[in-house]
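Novice: Chains as they are written, first to last, in our numbering: chain A, 1 to 273; chain B, 1001 to 1577.
Please note that a few of the clues may not be correct.
The calculated lysine-lysine pairs, modelled on DSS-like cross-linking and capped at a C-alpha distance of 30 angstroms, are [unchecked claim]:
id: 1; chain 1: B; residue 1: K1283; chain 2: A; residue 2: K194
id: 2; chain 1: B; residue 1: K1410; chain 2: B; residue 2: K1421
id: 3; chain 1: B; residue 1: K1131; chain 2: A; residue 2: K195
id: 4; chain 1: A; residue 1: K115; chain 2: B; residue 2: K1283
id: 5; chain 1: A; residue 1: K35; chain 2: B; residue 2: K1421
id: 6; chain 1: A; residue 1: K122; chain 2: B; residue 2: K1283
id: 7; chain 1: A; residue 1: K122; chain 2: B; residue 2: K1441
Which residues of chain A face chain B? A few of them, derived with a C-beta cut under 7 angstroms, are [to be verified]:
id: 8; residue: V4
id: 9; residue: F11
id: 10; residue: I15
id: 11; residue: P33
Under 7 angstroms between C-beta atoms, here's a sample of chain B residues computed to sit facing chain A [what the hints assert, rightly or not]:
id: 12; residue: L1206
id: 13; residue: A1210
id: 14; residue: L1245
id: 15; residue: T1291
id: 16; residue: G1299
id: 17; residue: Y1497
id: 18; residue: I1504
id: 19; residue: P1535
id: 20; residue: T1539
id: 21; residue: L1542
id: 22; residue: A1550
FYI, nobody ran anything at the bench for these hints, they're computed from the structure. Don't be surprised by glycine CBs; every beta carbon is placed ideally from N, CA and C.
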Amino acid sequence: MNNVGVRILAFFFLIVGSFVAISQRVPQVSSYPQKALSPEEFSAMSAEQLTAKGKQVFGTSGNRCSQCHTISGAPGRGPNLGGIGASAISRALERSAATGKKITAQDYLLESMMKPSAYVVKGYASPSIMPEAYKSPMDLSEEDMKSLVAYMESLGGKVTMTAVTMIAADWRAEIVSAKKANMTPLRGDIANGKKIFYERMRCIACHMTTVDGKTIGGMLGPDLSRVGEIRGADSLKALISNPPGDIMPKHFKENLTVQELDDLTIFLLNLRG
Amino acid sequence: MEHIFKGVGKGIVKVALFFVAIFIIYNAVSPLLAPAPYREFPLIGSRILIWILAQLHLLFAAFVLGVPMFAVIVEIVGIVGGDKRYDRLAHEFTKLSTLAFTVTAVFGSLLLLGLLFLYPKFFSFMTVIFKPTYYLYFCLLLGEVVYCYLYYYSWETLNSTKFDKWLHVFCGIMLNVFGTGIMFVADSWATFMMSPRGTTASGELLSLWAAVHNLTWMPINIHRLIANVAFGGFIVGAYAAVKFLNAKTDTERAHYDWMGYVGNFIGICGMIPLPFAGYWLAKEIYVFNQTMGIAMMGGIFSWLFILQAILIGVLFLGGNYYLWLAMQRIPGGERYQNAIKYLVFVLVVCFGIWLTPHNPPMSAIEQARMGGAFHPLVGVFGVMSAKMTAVNIIILFTFISFMLYRSANKQIEGSRGRQAKWLSYFLYTLSTAAIIYIGVKGYYVPSEVRVEILSPVQVGMVIATMFLVLIINLVAERKARSLGEIRWGHMPPRSQYALLLLAITITLIMTLMGYLRSGLRQDYHVYGILRDTSPGAFTPPLGFVAWVLATIVIIFWSLIVLVFWLGARKPRDSAAA
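Build out the structure end to end from the sequences listed, making use of the hints.
Specialist: What follows is the structure, encoded as structure tokens:
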């Protein structure tokens, strides 16, 4: 190789080497999926182990929950969770007063993960931008959420959550159903769903959708043009069966068979703009 | 004509052999393996192996898609302008792309085998959804092979009349149409993995078209199409730089200097719209899934964007530096030397703003050191409004460098010249002021207003200014006096290292962004639908990523050098000529 060749080679390695060197200087963050524990292994965890697992689930340096929440320093996209163990107690009292039900700090913390919009910290947008933690893509298991509650409680409060604590039956059912939805295929006829939406139930009268690039429909209800991106099958089915508020009629459940509800859901899941 | 049929036949046989080899290997080995969702590759693991194979396949695919685009553009310029040099340049690179085609096929075959053996569960899942597209891919591949070899082997035959030449250009265009079609099909698989649609939550197919036409499909198609043009241009630039540095005579130096300029010109033309296409892609990622968007720009991947900003900054500064040096070999270019320091100042300031992180993930100690989650002084530049403003100004000022270069040896006499000059300056100033004003406004409006209205207005202003200034100058220069011919070959060696820098840097960017696109799925094969439960399902730290990317870049450039060397040694068209 002549001198020019050596110089070119040296230049090449200088550029690539500089890139590698700079890359070593930025924060080195990695993320590993959680290790799956058997029910027996999980039940045998001590409070310290549960808290440590929760810390791991929470993540560090922009990973998982820490992507939006900080524990110290300025708040990020989500509230700063430093001292949440203590503030959860006062917020639980607020929630109890608002709902008329007895809500403990543990319940409040679980609710924040499962229904992030139920209580939104002052100064943050409502409904919350936080996804429901037990659904895809966060897809946390009951065990993950219990360990997270233990970790949250440890931040300025007393850890009451244990590995064997039973969480509320309806929440448990929701988690099981979400996992089942991930495992069991939703079978349905998209064309029939479309027919139900446009003709039979005339959902189009109140909701907008995009058809062949054109947005059509009424404006009384939410725009459904991209509803498939923001709602899962279960959430859609629940909203159709038990619509919130007073505007949307409640008769859908009675007028649709189980299969038709699946058809309509599949159609809605595919509304992605 | 015989050699054309022979050449095309050779290409078809070559591709058929690859498929036969894959079929034989798969059927011979698979009965020996126990059924399993994943299998581990020794030493480096399956994930790293697939990563390297996929990225090398993509780089070579970009080469064999980018270079024919470059070749057809250059051939058309040659026909329209009557300059034979363009024709020779296009021919030279088409020869190289036919050689690179084989390397692309080798990596494609290895990747396919790798997925079949190491990730059978994932491959079966994708096959159930995309099987019909596999047939389409095969047909398009066949078309590409036919036109690739037809384009190359008919070069001398279709050269006698203007009609023949345009017929030859048609073959080149068809080659690009088939090549782009292949890319679109392959992009549908990759983007479905990232932003799936058209299936149920558990992955049952409802609509194939919806699965293909997912949210990130078209942004990636456009982004890759433009990037391939830039990549093709910069590779030609690097080839010319090596040849220039090794040239023995002034004639050789002049030829390769000219070639390097053409490569750099096409590379920069491709690079200018790239940030806009990237912005569209990022926007669609946010629309698809906000969690993914946040992980990309403000979460675990946010430091990757700092590395990307460094590399893109190097690309723009390198491209401008080459143009400034190139002005020295143009009589009249000395008139603009004084302007360079201002251009450097603006580009460096904008580069700095683009590099400024907003609220990167930091530990409490790091935050305490900096004085909070945001830097008290420069933190204000970390937001998208500032970055979009900076990148628009970088693009506008790169265009100014180019306009100074192209008008360096032109003297427009009289009032026409003065009017054109001042009108151009007025448009540059107006556009820059408007971009900054809109950028400042962006701090005070909701993000959707900034994303949907203000940022597209900024982009529109830059494009409109470039278009208007170009028209004004083209009209004004019709009666311009030439101050002398470009002294091709009179370039300092450092200018050629700038060309090499551009080619290496764009390869690094492509590998880095390839990792980002895949890495964003984290522990999913298909985001939110098919979980990756293999041992390689983790997001590695950037230091480790950089080592893998460096390995890929080294392998890629070693093979490119081999292709260039073979191209120089083997006069493949001697029989044809």
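Novice: Look at each hint and say if it fits the structure.
Specialist: Comparing the hints with the structure gives:
no.: 1; hint: B:K1283 - A:K194; verdict: holds (28 angstroms)
no.: 2; hint: B:K1410 - B:K1421; verdict: holds (12 angstroms)
no.: 3; hint: B:K1131 - A:K195; verdict: holds (28 angstroms)
no.: 4; hint: A:K115 - B:K1283; verdict: holds (26 angstroms)
no.: 5; hint: A:K35 - B:K1421; verdict: violated (67 angstroms)
no.: 6; hint: A:K122 - B:K1283; verdict: holds (28 angstroms)
no.: 7; hint: A:K122 - B:K1441; verdict: holds (26 angstroms)
no.: 8; hint: V4; verdict: holds (5 angstroms)
no.: 9; hint: F11; verdict: holds (6 angstroms)
no.: 10; hint: I15; verdict: holds (5 angstroms)
no.: 11; hint: P33; verdict: holds (4 angstroms)
no.: 12; hint: L1206; verdict: holds (5 angstroms)
no.: 13; hint: A1210; verdict: holds (6 angstroms)
no.: 14; hint: L1245; verdict: holds (5 angstroms)
no.: 15; hint: T1291; verdict: holds (6 angstroms)
no.: 16; hint: G1299; verdict: holds (4 angstroms)
no.: 17; hint: Y1497; verdict: holds (6 angstroms)
no.: 18; hint: I1504; verdict: holds (5 angstroms)
no.: 19; hint: P1535; verdict: violated (10 angstroms)
no.: 20; hint: T1539; verdict: holds (4 angstroms)
no.: 21; hint: L1542; verdict: holds (5 angstroms)
no.: 22; hint: A1550; verdict: holds (5 angstroms)
Hints 5 and 19 from the earlier list are contradicted by this structure; the remaining hints agree with it.
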